[in-house]
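4 protein chains.
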Amino acid sequence: MKKLILFFIVSVCGLSLYAQTKYQSRVMTDTLYSNVLKAKRAYTVYLPKSFEQDKNKMYPVLYLLHGMWEKNDVWMNRGHVKDVMDCLTAGGEAREMIIVCPDAGGGDPNIFQNGYFDMPGWAYETFFFTEFLPYVEKRFRVMGDKRHRAIAGLSMGGGGATCYGQRHTELFCAVYAMSALMDIPEEGAARFNDPNGKLAILTRSVIEKSCVKYVTGANEEQKNELRSVAWFVDCGDDDFLLDRNIEFYHAMRQADIPCQFRVRDGGHTWEYWHSALYICLPFISRLMGV
Amino acid sequence: MKKLILFFIVSVCGLSLYAQTKYQSRVMTDTLYSNVLKAKRAYTVYLPKSFEQDKNKMYPVLYLLHGMWEKNDVWMNRGHVKDVMDCLTAGGEAREMIIVCPDAGGGDPNIFQNGYFDMPGWAYETFFFTEFLPYVEKRFRVMGDKRHRAIAGLSMGGGGATCYGQRHTELFCAVYAMSALMDIPEEGAARFNDPNGKLAILTRSVIEKSCVKYVTGANEEQKNELRSVAWFVDCGDDDFLLDRNIEFYHAMRQADIPCQFRVRDGGHTWEYWHSALYICLPFISRLMGV
Amino acid sequence: MKKLILFFIVSVCGLSLYAQTKYQSRVMTDTLYSNVLKAKRAYTVYLPKSFEQDKNKMYPVLYLLHGMWEKNDVWMNRGHVKDVMDCLTAGGEAREMIIVCPDAGGGDPNIFQNGYFDMPGWAYETFFFTEFLPYVEKRFRVMGDKRHRAIAGLSMGGGGATCYGQRHTELFCAVYAMSALMDIPEEGAARFNDPNGKLAILTRSVIEKSCVKYVTGANEEQKNELRSVAWFVDCGDDDFLLDRNIEFYHAMRQADIPCQFRVRDGGHTWEYWHSALYICLPFISRLMGV
Amino acid sequence: MKKLILFFIVSVCGLSLYAQTKYQSRVMTDTLYSNVLKAKRAYTVYLPKSFEQDKNKMYPVLYLLHGMWEKNDVWMNRGHVKDVMDCLTAGGEAREMIIVCPDAGGGDPNIFQNGYFDMPGWAYETFFFTEFLPYVEKRFRVMGDKRHRAIAGLSMGGGGATCYGQRHTELFCAVYAMSALMDIPEEGAARFNDPNGKLAILTRSVIEKSCVKYVTGANEEQKNELRSVAWFVDCGDDDFLLDRNIEFYHAMRQADIPCQFRVRDGGHTWEYWHSALYICLPFISRLMGV
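In the order they appear, the protein sequences are chains A, B, C and D. The opening residue of the first sequence carries number 2 in the numbering used here; numbering runs sequentially from there. The opening residue of the second sequence carries number 2 in the numbering used here; numbering runs sequentially from there. The opening residue of the third sequence carries number 2 in the numbering used here; numbering runs sequentially from there. The opening residue of the fourth sequence carries number 2 in the numbering used here; numbering runs sequentially from there.
These are computed hints drawn from the structure, not numbers from a lab.
For chains that are exact copies, the list does not tell them apart, and a pair is met inside one copy or across any two.
Below, a list of computed lysine-lysine pairs in the DSS-like style, where the Cα atoms sit at most 30 Å apart:
| no. | residue 1 | residue 2 |
| --- | --- | --- |
| 1 | LYS224 | LYS58 |
| 2 | LYS50 | LYS224 |
| 3 | LYS147 | LYS58 |
| 4 | LYS23 | LYS199 |
| 5 | LYS50 | LYS147 |
Use the sequences and the hints to build the structure in full.
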């Protein structure tokens with residue numbers, strides 16, 4: 002069909018086309034086997050236009066984390082990451098990078114083990130840092146230093162990205178959190194009838210890895226480390242997680258850690274996260290390599 | 002899944018939810034039989050939140066036309082019209098309206114008869130105005146006057162919307178054309194080996210119904226009629242149809258017919274048309290009922 | 002000079018100008034004598050293009066309040082209200098309205114009595130509602146009903162606008178608060194050496210008229226009244242008043258009073274307030290007359 | 002007054018301020034004597050925050066040109082360049098740079114010699130490149146290479162910036178033209194009663210240095226040189242110069258020279274040029290040093 006459209010453009014509309022490149026950005030999904038999780042894990046990757054063209058070029062990398070009830074392909078299928086990146090790189094607002102979307106569960110957290118943290122029966126954080134990240138960065142010509150690595154995510158993945166960035170300031174130059182599950186009020190965990198249910202376990206892990214408490218409890222050395230990362234917090238005014246994000250930003254200001262903060266119009270929706278890409282990807286592009 | 006997410010929000014995040022309404026906007030697809038086309042034609046409709054709630058309420062209507070190689074559901078599936086409308090009405094930037102997406106062919110114009118105009122074997126314009134519009138407006142509680150009816154479209158559908166608006170100034174208060182196929186250079190039609198092929202026929206119909214020539218050839222009465230419609234032309238700076246849109250806008254200025262014109266960053270892509278909705282729907286909302 | 006530029010456009014650039022109207026929007030400054038304040042008070046007014054043209058037309062009105070250390074002409078001179086309104090009305094995003102900027106002190110609050118509230122020696126709120134508003138609305142063909150009257154302001158004027166809107170829900174359909182002084186922490190008032198100094202008096206008046214406490218202390222009837230107004234709170238992420246605005250928005254959500262909230266990039270600066278006009282004026286335009 | 006506001010913030014609002022720097026960006030105006038023009042010429046400069054702090058630091062430079070009937074201070078006084086830069090550098094969207102605004106005449110072109118080109122009695126282009134640019138770049142610690150030098154301007158200054166960029170591709174990495182006087186139709190020059198009047202001379206110089214004809218007449222070598230510069234053309238849909246800008250962009254596309262093009266809402270106004278800074282300064286910042 003692409004070819005037919007091209008024929009139409011060239012022969013009917015009479016346009017002398019701009020130098021047509023045979024290279025295009027592309028999206029691929031694959032799996033790796035995890036010894037930590039004792040299972041295969043899927044992931045989806047965006048590769049920029051020049052990736053096939055220049056076989057020696059190395060790239061910055063962005064890890065882009067999905068939310069609860071979702072999996073690795075949602076950032077491409079509903080977030081339209083490829084389309085957005087193609088626009089932003091064409092206009093010069095984003096630089097070429099590899100974007101990696103892992104799978105933190107596979108969907109419904111009532112059925113599947115889920116989440117970005119280590120918890121009973123699901124050592125996902127261990128998997129991510131000891132298996133997944135090294136594997137991906139080797140396979141896809143990733144530069145592999147802090148100055149060219151960033152992380153972002155939405156909702157549960159926004160909390161995951163923030164937590165990963167906090168505990169691995171040596172790995173990431175920038176964190177962009179969208180509608181992030183920064184914390185859950187303590188009473189949240191008590192509400193489950195079955196404390197060993199998958200969703201109950203996940204809830205406790207979020208409370209234990211509270212992004213807010215990490216900042217309020219940080220000592221001077223940790224604060225200094227946090228200052229070596231560029232932070233961006235973005236949450237809608239109708240989002241049920243807004244108060245958690247305000248608490249996080251408040252903690253960051255109290256700790257004198259620079260942080261961008263935006264409250265835009267919207268709720269906990271894909272329209273919000275899609276539009277957030279237009280802020281996130283230029284923000285990260287400006288920081289990479291600085 | 003929605004119910005599970007709601008449970009999570011309420012019981013875990015400890016949020017006293019805003020008054021939860023059981024009514025939501027929705028999208029439906031259906032067909033009608035056309036005596037003109039001697040075939041069933043599909044269409045997809047967006048119905049606003051209050052539609053089921055208040056069974057007597059009447060609504061403004063927007064006809065939203067797809068491009069070549071596409072069909073009726075693409076504005077919902079890739080344009081995310083429902084999600085955009087839900088955002089914009091929640092924030093007050095768009096008013097509730099019914100949005101109707103007809104099917105002007107069914108896909109590949111090399112295989113199917115296609116396009117918005119009357120042509121040999123495909124009297125689509127006749128179908129649209131004598132069968133489709135009356136049927137839809139009766140079925141869905143549409144107000145049905147010019148002040149509450151608008152039309153918009155992308156590419157071939159942008160040309161369709163403009164042409165319909167030009168020839169039916171008594172029906173539409175506003176036209177929003179995205180990346181519109183306003184015309185095709187004369188030599189375009191000559192390039193087909195088979196002049197009776199479906200794409201060749203379609204090409205000739207676009208040339209015959211040139212939106213540009215309609216304006217340059219308009220007499221004073223026609224110009225006055227055109228001035229009774231609010232026009233908006235929106236086309237990307239990398240779009241292969243930009244010159245056609247410039248010609249149209251130039252003709253409108255020469256004819257002293259007020260017209261908004263925007264050239265934003267981008268090409269002939271869905272990211273462009275999706276973002277155009279955020280301009281189009283508030284524009285149309287402001288004009289409806291004025 | 003305007004005439005020379007016009008000559009240049011017409012004769013050199015060869016443009017057939019759009020129908021040139023001899024009527025333009027304009028800004029005027031005048032004074033009235035206040036029996037309440039026992040002094041003359043200045044004010045500045047924006048009158049839309051059609052004001053002189055149609056001598057019988059009535060208009061909606063927006064009261065636009067300046068901040069501390071400023072006076073009535075600052076919204077025009079630095080906020081460029083006329084230029085912004087001319088743009089927004091030409092593009093259809095704002096409707097024609099009269100914009101009134103009162104003078105709440107005359108500059109430095111260490112020297113002049115200052116502020117929007119009644120306080121010892123400065124019954125400004127009484128002046129505003131019993132003298133200023135009636136006078137202005139009579140002089141300038143203001144419609145004069147709640148549905149066509151709104152109020153907005155920046156910093157101290159954002160607090161003033163919010164407070165006026167809270168206590169006069171029968172007068173205003175919409176309130177837009179920019180970087181608003183919604184409250185001052187209690188300890189603030191204790192810090193002045195001279196509790197009878199003008200700035201100390203002003204500070205106490207802001208604490209007494211706390212916009213936050215008004216919401217947290219509102220009974221059901223008052224909450225219902227507050228729900229009859231459309232609220233918009235807009236404050237930069239680097240603004241020293243952000244926490245006060247967050248407290249206000251939090252109180253509004255707790256009280257189930259719909260309120261728009263935005264945190265955009267920026268501090269307590271005129272660039273922020275100028276850009277806020279592009280959100281404020283369309284917001285208010287959409288609500289007027291609804 | 003700044004000190005009083007600071008006192009208010011700190012002592013009344015109870016805010017522990019972010020690390021307060023004693024260094025601020027600043028604007029200064031000065032003059033140099035031109036042997037070419039046999040006169041003193043004024044100029045206004047924006048110096049970034051770190052300029053006084055780090056006395057050895059070198060900076061990129063942007064030349065920012067005013068329009069007809071204006072002079073060197075207008076970009077600061079009405080364009081608010083300092084305020085915009087302070088915002089954009091704080092948010093990371095623009096990098097620190099020196100911004101230089103020369104004076105191309107001093108105001109009314111009927112009275113003063115005016116314009117950016119060499120013409121009888123006014124060898125301004127010679128002055129600019131042989132005297133002004135070397136002087137400024139030596140005085141203000143400018144890096145002084147193509148990769149860190151850009152030029153922009155509005156109206157007559159947009160034409161000046163484009164023309165300078167075309168004829169000195171070895172000097173500038175980027176050109177941003179706002180509402181640019183890219184050309185004047187030939188018949189324009191014939192309309193002056195006095196062909197030796199200052200405005201008539203200026204008009205002829207614009208026709209001779211037509212930015213459009215430079216592109217349409219460029220040979221392959223010149224086209225290649227033009228491709229070494231990043232171009233951005235930005236003009237309002239109600240601007241009387243829009244057709245000239247369309248002609249320029251059309252010529253650039255025909256010549257296969259990459260160029261960004263935007264048509265936003267607005268006319269030939271300061272609101273347009275002020276908002277253009279928010280696109281121009283990030284665009285130039287992204288390109289500098291690349």
